[in-house]
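Those protein sequence lines, which keep their order, are chains A and B. When you line the first sequence up against this note's numbering, it's residues 2 to 447, in that order. When you line the second sequence up against this note's numbering, it's residues 125 to 351, in that order.
Honestly, the hints are just simulated from the structure, not real lab data. A portion of the hints provided could be inaccurate.
[As the list claims (entries may be wrong)] Under the rule of at most 25 Å between Cα atoms (straight-line distance), these lysine to aspartate or glutamate pairs were calculated in the DMTMM-like manner:
hint: 1; chain 1: A; residue 1: Lys87; chain 2: B; residue 2: Asp325
hint: 2; chain 1: A; residue 1: Lys86; chain 2: B; residue 2: Glu140
hint: 3; chain 1: B; residue 1: Lys332; chain 2: B; residue 2: Asp278
hint: 4; chain 1: A; residue 1: Lys197; chain 2: B; residue 2: Glu197
hint: 5; chain 1: A; residue 1: Lys197; chain 2: B; residue 2: Asp346
hint: 6; chain 1: A; residue 1: Lys48; chain 2: A; residue 2: Glu217
hint: 7; chain 1: A; residue 1: Lys87; chain 2: A; residue 2: Glu217
hint: 8; chain 1: B; residue 1: Lys160; chain 2: B; residue 2: Glu197
hint: 9; chain 1: A; residue 1: Lys160; chain 2: B; residue 2: Glu148
hint: 10; chain 1: B; residue 1: Lys195; chain 2: A; residue 2: Asp359
hint: 11; chain 1: A; residue 1: Lys197; chain 2: B; residue 2: Asp344
hint: 12; chain 1: A; residue 1: Lys160; chain 2: B; residue 2: Glu140
hint: 13; chain 1: A; residue 1: Lys48; chain 2: A; residue 2: Asp359
hint: 14; chain 1: B; residue 1: Lys160; chain 2: A; residue 2: Asp214
hint: 15; chain 1: A; residue 1: Lys197; chain 2: B; residue 2: Glu304
hint: 16; chain 1: B; residue 1: Lys305; chain 2: A; residue 2: Asp200
hint: 17; chain 1: B; residue 1: Lys160; chain 2: A; residue 2: Asp359
hint: 18; chain 1: A; residue 1: Lys87; chain 2: A; residue 2: Asp200
hint: 19; chain 1: A; residue 1: Lys197; chain 2: B; residue 2: Glu140
hint: 20; chain 1: B; residue 1: Lys327; chain 2: B; residue 2: Asp275
hint: 21; chain 1: B; residue 1: Lys195; chain 2: B; residue 2: Glu140
hint: 22; chain 1: B; residue 1: Lys160; chain 2: A; residue 2: Asp215
hint: 23; chain 1: A; residue 1: Lys197; chain 2: B; residue 2: Asp278
hint: 24; chain 1: B; residue 1: Lys235; chain 2: B; residue 2: Asp301
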Amino acid sequence: MKDMDDKGIPRTVPLQSATFTNPINAEIRRAAATGIYDIRGGGAKRKVPHFDDLLFLGASVSRYPLEGYRERCDTSVTLGTRFAKKPIELDIPITIAGMSFGALSGPAKEALGRGASAAGTSTTTGDGGMTPEERGHSSKLVYQYLPSRYGMNPNDLRKADAIEIVVGQGAKPGGGGMLLGQKISDRVAEMRTLPKGIDQRSACRHPDWTGPDDLEIKILELREITNWQVPIYVKVGATRPYYDTALAVKAGADVVVMDGMQGGTAATQDVFIEHVGLPTLACIRPAVQALQDLGVHREVQLVISGGIRTGADVAKALALGADAVAIGTAALVALGDNDPKWEAEYQKLGSTTGAYDDWHEGRDPAGITTQDPDLAARLDPVDAGRRLRNYLKVMTLEAQTIARACGHNHLHNLEPEDLCALTMEAAAMARVPLAGTSWYPGKEGF
Amino acid sequence: MQTYDLEANGLRGLNETLQAQNAETNQTSWEVVNPKGSHAIAVGLDAPIEVTVKGSTGYYCAGMNQQATVKVEGSVGPGVAENMMSGQVIVDGDASQYAGATGHGGLLVIKGNASSRCGISMKGIDIVVHGNIGHMSAFMAQAGNLVVCGDAGDALGDSLYEARLFVRGSVKSLGADCIEKDMRPEHLALLSDLLERAGSDAKPEEFKRYGSARQLYNFDVDNAQAY
């Protein structure tokens, strides 16, 4: 385009709208053409305050560090110390979040079990029940108890090392799930007692309880059935972290799992993922506050999930008061999801490496979020499990590096005082001072 | 007959004792006295024993039952026989919400009425209610049979999958994607068997059958108003 028109008058520069952006306009056209909202996998892609907005202060004159590689920095964590006869002992405070067989292929579930077990941590089932492969390859397996109760049976319940009652999920707090028909293979259909090929809906509410008083009775029933042996977690999508944590504690939970909006899902409406829920960073301090107000911080453990990627994220979550974290999307990337080697195939699917999120369609080139046997065969569960183990070990080493630099001999000794914030938003959410100051928004006495 | 006083000896002892029974046990007949509306009575059983509860119970009586026959000489709170896998649960009185929720197998008989959401998300269980059932019953019911000798409330079988619903009386309204279907000979035979096993003298010919229209099994924007 010329800078001037035919009469020599300068043109204005075409200006893209900050409101009606090209992606927004493309979505309007897509909606107009199809009549249905966009469904995708993954978590929130919008930029929200996150762990990157925090920094560790490190040791100085007032504190001395521990020698890297020489002085011990422990990483173990025990989950379920409140009521369970057999709490879960983990070597590292990084667990694998719930992802279903159905959403993921059999080899992918096996790889998660192999990697987590080799790193000394737990993995978690998902909607659709427990598979023998998953149980067999997971030294510590958490069994999710979901509203759909697909595949739910007392025999599997008793095989679990812990039970996680799923109230909500960070990607879609208040929402149920959807597994599209193309992923309902014969085996998935049989496990879920549904016809093959239909769109399988998962309810948003549990069918036999509503509210915290009922939840307390449901927890009693599960404990009676499992002889009070295993810990019972309550997982919530982050929306009202203080009250949800308090109510979970009141209902008798051993562990509270708080999942922020960056936490992934196999398939949900994009509008839900991007516009409902709280950033992970915003939910940790209120949840910890609830535990402290009830006098059960560290007695009831807090697991944080949603956008955990590095050892720094782990260390920051623990410094803010969490006992452990859970990873989902990052674990899939470690297995091979969104790997550049599949770029040509991502292009054919209208996507690109790093952006592929149509996990619900079952056409995943990496063979992870699929039930297509040919695609699933692309993933070697042994190799993928080894990659996950390596990644978990790197995250742990990173977190230890930071903890030693802050002078701590256990990751759980990290504390908010070790942190500062780069932005006002992060300072307010994490309740740590803005870098270079002793102030954060809402702090009393200023 | 073994007698267990729940008030005197506590819930933990009861469930631990009943769950310890196996196929070879000689203690096949149990009586639970003084239930006084307690929750989670006789849950997680997995042996061919018979347990009679002498009175009314709270939530989740006989939850996740396998093999056992549990009789309640009274009424039951929410979630009786939830997620039952096999065996039988027989309630002399009425049942609160969610009776037989998500049950995979076995037979649940309610000789009185059942409240709302009876048979919600059922996955293979057979439920026979001698009286009436409340609203939203058989919501998202996947498999199994729900037999109602009385009337059904609003939104029966909403978002139904493959469960079969049989109602002798009136149906206040049908839920989304639930329709009346022909009663074929195989359904009459099935119904006859269930009624006999449930101790009902109702005649199969007096019932109507309801099932899924299967219009919502795969999303179609033209059905959006039904969601």
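Results of checking the hints against the structure:
{"no.": "1", "hint": "A/Lys87 - B/Asp325", "result": "violated (50 Å)"}
{"no.": "2", "hint": "A/Lys86 - B/Glu140", "result": "holds (15 Å)"}
{"no.": "3", "hint": "B/Lys332 - B/Asp278", "result": "holds (16 Å)"}
{"no.": "4", "hint": "A/Lys197 - B/Glu197", "result": "violated (41 Å)"}
{"no.": "5", "hint": "A/Lys197 - B/Asp346", "result": "holds (22 Å)"}
{"no.": "6", "hint": "A/Lys48 - A/Glu217", "result": "violated (37 Å)"}
{"no.": "7", "hint": "A/Lys87 - A/Glu217", "result": "holds (20 Å)"}
{"no.": "8", "hint": "B/Lys160 - B/Glu197", "result": "holds (12 Å)"}
{"no.": "9", "hint": "A/Lys160 - B/Glu148", "result": "holds (23 Å)"}
{"no.": "10", "hint": "B/Lys195 - A/Asp359", "result": "violated (50 Å)"}
{"no.": "11", "hint": "A/Lys197 - B/Asp344", "result": "holds (18 Å)"}
{"no.": "12", "hint": "A/Lys160 - B/Glu140", "result": "holds (17 Å)"}
{"no.": "13", "hint": "A/Lys48 - A/Asp359", "result": "holds (20 Å)"}
{"no.": "14", "hint": "B/Lys160 - A/Asp214", "result": "holds (19 Å)"}
{"no.": "15", "hint": "A/Lys197 - B/Glu304", "result": "holds (23 Å)"}
{"no.": "16", "hint": "B/Lys305 - A/Asp200", "result": "holds (23 Å)"}
{"no.": "17", "hint": "B/Lys160 - A/Asp359", "result": "violated (53 Å)"}
{"no.": "18", "hint": "A/Lys87 - A/Asp200", "result": "violated (38 Å)"}
{"no.": "19", "hint": "A/Lys197 - B/Glu140", "result": "violated (39 Å)"}
{"no.": "20", "hint": "B/Lys327 - B/Asp275", "result": "holds (15 Å)"}
{"no.": "21", "hint": "B/Lys195 - B/Glu140", "result": "holds (19 Å)"}
{"no.": "22", "hint": "B/Lys160 - A/Asp215", "result": "holds (18 Å)"}
{"no.": "23", "hint": "A/Lys197 - B/Asp278", "result": "violated (29 Å)"}
{"no.": "24", "hint": "B/Lys235 - B/Asp301", "result": "violated (29 Å)"}
When each numbered hint is compared with the structure, violations occur for hints 1, 4, 6, 10, 17, 18, 19, 23, 24.
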